[in-house]
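Visitor: Chains as they are written, first to last, in this note's numbering: chain A, 1 to 280; chain B, 281 to 606; chain C, 607 to 862.
Since the hints were made in silico from the structure, they are not lab data.
Glycine residues also receive a C-beta, built at the ideal position from the N, C-alpha and C atoms.
Just so you know, not all the hints are guaranteed correct.
Which residues of chain C face chain B? A few of them, derived with a C-beta cut under 8 Å, are [what the hints assert, rightly or not]:
1) 608
2) 627
3) 637
4) 644
5) 647
6) 649
7) 651
8) 690
9) 748
10) 795
So these bits of chain C aren't anywhere near chain A, every CB distance computed over 12 Å [claimed, not checked]:
11) 618
12) 726
13) 799
14) 843
15) 848
16) 855
Within a straight-line C-alpha distance of at most 16 Å, the following computed EDC-like cross-link-like pairs (lysine to aspartate or glutamate) qualify [to be verified]:
17) C:733 / A:131
18) A:148 / A:104
19) C:733 / C:718
20) C:733 / A:40
21) C:733 / A:255
22) B:580 / B:469
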Amino acid sequence: MSGRTPDGAPEPGSEAFEAELRDEIRRELETHGGGSAQPEIVELRDVWLSFGTHEVLRGVSLGVARGGTLCILGGSGVGKSTILRLMLRLLLPDRGEVLIEGRDISAVSRPEALALRERMGMVFQGSALFDSLNVFDNVAFPLYEHTKLADGEIRDRVEEVLSFVDLDPAMVLPLLPSALSGGMRKRVAIARAIVHRPPILLFDEPTSGLDPITTRRIDELILKLRRELHVCVVVVTHDVRSAARIATETALLKDGKIIFSGTPEEMHATEDRYVRAFRG
Amino acid sequence: MRRSEPITWDQMRVGFVLIVSLVLLALCVLFVGRIGDVFGERYQLVALMESASGLRPGAPVQVAGRGVGQVERVEFIAPEERGDSEAAVAVWLGVNVDIREQIRRGSRARVRTQGLLGDRLIDIEPGSPDSAILVPGDTIGTAPALSYDELLGQAADAVLGLTQLSNDLSATLARVSSGEGSLGRLLVDEALYDGLVDLNENLAAVLGPIADGEGSFARLLEDEEFYDRLVSSTARFDTVTAALAAGEGTLGRLLASDSLYRAVASSATRANAILGLIENGEGAVGQLIGDETLYEEFLKVVVDLNAFLTEVRANPGKFIPPIRVF
Amino acid sequence: MAFAVEAYFRLLVRVTRACLSRPFYRGDLVQQMDTIGVASIFIVMLTGLFTGMVLALQAAVEMERFGATVYIGRLVGASTIRELGPVLTALIVTGRAGAGMAAALGAMRVTEQVDALRTMGVDPIRKLVVPRFLAALVMLPVVTIIGDAVAILGGLLIAVLMLDFTAQLYINSVWETLAQTGFVLTVIPIDLIQGLGKPFAFGGIIALTSCFHGLRAEGGTEGVGRATTRAVVTSSILILAMDYFLTQILLTMFPS
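The shape of chain A in the complex, shown without the other chains (with noise of 0.2 Å):
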C-alpha cells in the first residue's frame, strides 16, 4: 500500500520553500499571539455536552500552548472526536468554554467564528477528500475560498505544501482521490489542512487504518510539522506508541473526564491502573 508512496528527498528547492514557510509562520505568529509568555493557543474549560441522556463530556478543561503537540487519548466512542468538533465548531457545548486563541468560538458570532475557523486545519480520519474534485482542486480548495490569490500563486503554493508532505505534484495533481493510497490520501488531506498556512492544526486518528510503516511516516510528518512550521497541533488518537512519539503533552478520557494529563513521560511513568492498562 504504501509502497506506492513516492517518498524519499523532497524536491530540489523545497527547502528554501519550507524557510520561508517557516519564517512566514513566525510573523503571523507575532502579529496574532499576543505578548504573554506562555498563552494557551487552545482550550478547554469545563466543557459539557450530552447528545440526549447520553453525557459525552463532564467538564472537560485541557489546553495547548504554541508549538505544543497535545494528544487526546481514548478509547473508541468516549468522545474524543467530539472535542475536535466543538474546537471548530462543528458542534457547541452545553456548558463551559471553548478557546481558540482567547476567544470562545462556541460564544462569537458567526463571521466571527468562521474567521477563527480559518486560524485552524483540521485532518478527518479518513481524510474526506472531495471525491468529485481532484488533487489539486482539493487542496486548492481552501485558497480559492478564503484568499484572491491568483491562478499562479495558488498552483505554486500547492505545489509548495504538496511537496512538503512528500509527494511529487507532477504525478498526483491530475489524480482523483480514488486513484490513491490511504497514505496518500492521508498526506493530501494534511498538504490542503495547511496550505492555508493556519497556526493551529487538528487531527482525527491520523493513523487509523494505516499500516505501521505509513503510521510512522504520517507520525513523522506531525513532527515535522511542529519543528518546521511551529504549528500548534491537536491529535485526538487511541494510538498510544503513536502518541508517544508526537506528544508534547498528552490527556486520557474516559468516562466523559480527564483522567489524566502530562508529558509522554509523566503518562509513561504513572501508576493509575486505567492508564497502565490503556498504555498496553
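For this one, chain A is given, so just place chains B and C on it according to the hints.
Guide: Relative to chain A, chains B and C alone:
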C-alpha cells in the same frame, strides 16, 4: 474551480440544451398564438343575448365560419338596464381589426355549437356592403341560437303528425279494400264492371260508323267549307276574348272586376263550407253520398243507358238530330 | 416525523435565503445543471416518445367508437403538456438525478466531507444544496419542454403512420387545444403556465428532498443506501401530491 475558467464542455452542453428548449417554447407560443389569434390588434363589439348558451371567455368568434377572434367576457345586464329588451347577458367579442369591413350594421351574431363535444362559438354573418361598418364598442345584432334541443323538439312534433296521418290513411284504405262504403263497392263489385264493359261495347258500335264516314257526322269531319267557317269563327272568338281581356264590354268588365272576384271567392268559400257539410254526411247531398241507395241508382242508370244505346244502334237516325254549327 | 417535517422546511428557508445572498458557486451550478438536466435528457426523451405514442394509440381505439379520431392531437397535446409531461419527467429525473444527489451528499456526509467543508468556512447549504436546487428549478422545465416536444412528436408518428392523419391536421389540433384554454398576458397560453409551473415546483421538490435525505445520512455505506431510497420514495410521493394541489390552485387561478 479555477479563477479564470475556459468554457468547458458541460457549460456548452447546458447552454445548448437551454437554447433548444427556449426555441421550442418560443415556437409553441408563436403557433398557439397564431391559432388563438393573439398577435393581431383587436377591437371590441358587444352582443346582447337572451342566453349565453354556455359561451365562455376564450370561445372562438367566426365570421362566415372563419376564426377572427374570441369571446372576451360574458356579463349579466343589470335588470334595471334591460328595459324592454329580452337580453340578459352582454357578450364582449374581441375581433381582429383586419376583418372590420366584414362586420356591418346588418350583421347578425349567433351562438352555434361545433364538433362532437358541442363546443360553443359565435358565428357572425357578414353584412351587406351598403350598410355601415361597425366601429369599436358598437352593439352587434343577434339572431336566436340554433339550439339542438329546440331543433329536436320541433322535429319530434313533425314526426308525430306524420305518424298520425299514415295511421288514418291505412285505416281508410283497409276499409276500401274490404269493400265497405260506396267507394269500396265501386272498386270491388263485379256487376258494375260488367255494366261498364257493355257500355263500352255499345259506344264502340255507335262510333264505328262515324269513323267509317257514314252518316252526317262523318261528313262533317271531312267537309272543307266547314273547316273555313270554323277558322273564321275562331278568329272572331279571338277578337271577342281580346275585348274581354281589355275589360271592354259587359263581359270584359265582369272579368276585370274585383267585386266579381270577391263574389266568386265568397261563393267558393261557401261551396267549400257546403262541401264540408257534405263530407260530414250532413244535409241531403251528404246523405246521398253516404247512402247506399246512390249506388243502386247509379247502377240502374248504367243499365238504362245500356238499353238506350242498344236502341240507338238499332235505329240511329231516330236519335241523331241534324247537326248545325252556330 | 414532525421533527423531520420541521427540519425539511427549515432547510427550505435556509436554501431560499442562501439563494439570495453571496457567496454563490456558479461553477457548481453549471455542473449540476449538466448532471441533473443534460444527463437526463436522453431518458426523458425516450419516456416522452413512448408516452406520446401510446396516448395516440389508446385515444385512437377509444375515439374510433365515436368517430372522433380527429381529436387525437388535442388529447395527446393537452394531456402531455398539462399532466403527463411534467409528472413523468419529474419521476424519471427523481429516479436518475435525485437518487444521485442523495447518494452523493450522503457519501459526503458519512465520509465527513460535509464537515470538511464547514471547517474550511464553507456553508454546505450554499456549496452543495443551492447549486442543486437552482439547477433543478431551471432544468426541470427545460427537460420537460423537450420531453413534451418528443411526446407530441410520438403522437404524430402514430397519427400519420397508423391512422392516416396529415401531420398538419394533427399539429394544428395540438395548437388549437392550447389556444382554447386561453391566454395570460395576451400571448402566453394558460396551459403552458401549468405545463412549466409544475416542473418548476417539482424541480424544487426533487432537489430539496434529495439533499435533505442525503445530508441526514448516517451509519456508513448502508446509511447512504437508506438515504437514497428515502429520497426517491419521498420525492415521488411529494411530486404526485404536489401535482394535485398545483392543478387545483391553477384551476382556481385561471378558471376556464
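Visitor: Next step is simple, just say for each hint if it's right about the structure.
Guide: Now the hints, each set against the structure:
Look at residue 608 (chain C): its Cβ only gets to about 39 Å from chain B, farther than 8 Å, so that hint breaks. For residue 627 (chain C), the shortest C-beta to C-beta distance to chain B is roughly 21 Å, which exceeds 8 Å, and the interface hint is violated. At about 6 Å, the closest approach between the beta carbon of residue 637 (chain C) and any beta carbon in chain B falls short of 8 Å, and the interface hint on this residue holds. With a cut of 8 Å, the hint placing residue 644 (chain C) at the interface with chain B holds, because the nearest CB-to-CB distance is about 5 Å.
Checking residue 647 (chain C) against chain B by beta carbon gives a least distance of about 6 Å; that is within 8 Å, so the hint holds. Hint status for residue 649 (chain C) relative to chain B: violated, with the closest Cβ pair at about 14 Å, above 8 Å. A cut of 8 Å between beta carbons decides the hint on residue 651 (chain C): the least distance to chain B is about 11 Å, and the hint is violated. The beta carbon of residue 690 (chain C) comes no nearer than 16 Å to any beta carbon in chain B, farther than 8 Å, and the hint placing it at the interface is violated.
The closest approach between the C-beta of residue 748 (chain C) and any C-beta of chain B is roughly 4 Å, which is under the 8 Å cut-off, so the hint is satisfied. Interface restraint check: residue 795 (chain C) against chain B, minimum CB-CB distance 5 Å, threshold 8 Å, status holds. No Cβ of chain A comes within 12 Å of the Cβ of residue 618 (chain C); the nearest lies about 20 Å off, and the non-interface call holds. The non-interface label for residue 726 (chain C) is inconsistent with chain A: the shortest C-beta to C-beta separation is roughly 5 Å, within 12 Å.
Its beta-carbon lying about 36 Å from the closest one in chain A, residue 799 (chain C) satisfies the requirement of being farther than 12 Å from that chain. For residue 843 (chain C), the requirement that its beta carbon stay farther than 12 Å from each beta carbon of chain A is met, with the minimum near 29 Å. With a closest Cβ-Cβ approach of about 30 Å to chain A, residue 848 (chain C) is found to remain outside the 12 Å limit, as its non-interface label requires. The claim that residue 855 (chain C) is not at the interface with chain A holds, since no C-beta of that chain comes within 12 Å of its own (minimum 37 Å).
With a C-alpha separation of about 15 Å, the suggested pair residue 733 (chain C) and residue 131 (chain A) falls inside the 16 Å cut-off, and the hint holds. Of the supplied pair hints, the one linking residue 148 (chain A) and residue 104 (chain A) is violated, its CA atoms being roughly 28 Å apart against a limit of 16 Å. Taking the CA atoms of residue 733 (chain C) and residue 718 (chain C), the gap is near 15 Å; set against the 16 Å cutoff, the hint holds. Distance restraint check for residue 733 (chain C) and residue 40 (chain A): the Cα-Cα separation of roughly 34 Å exceeds the 16 Å cut-off, and the hinted pair is therefore not satisfied.
A C-alpha spacing of about 37 Å is found between residue 733 (chain C) and residue 255 (chain A), which places the hinted pair above 16 Å, so the restraint is violated. With a C-alpha separation of about 14 Å, the suggested pair residue 580 (chain B) and residue 469 (chain B) falls inside the 16 Å cut-off, and the hint holds.
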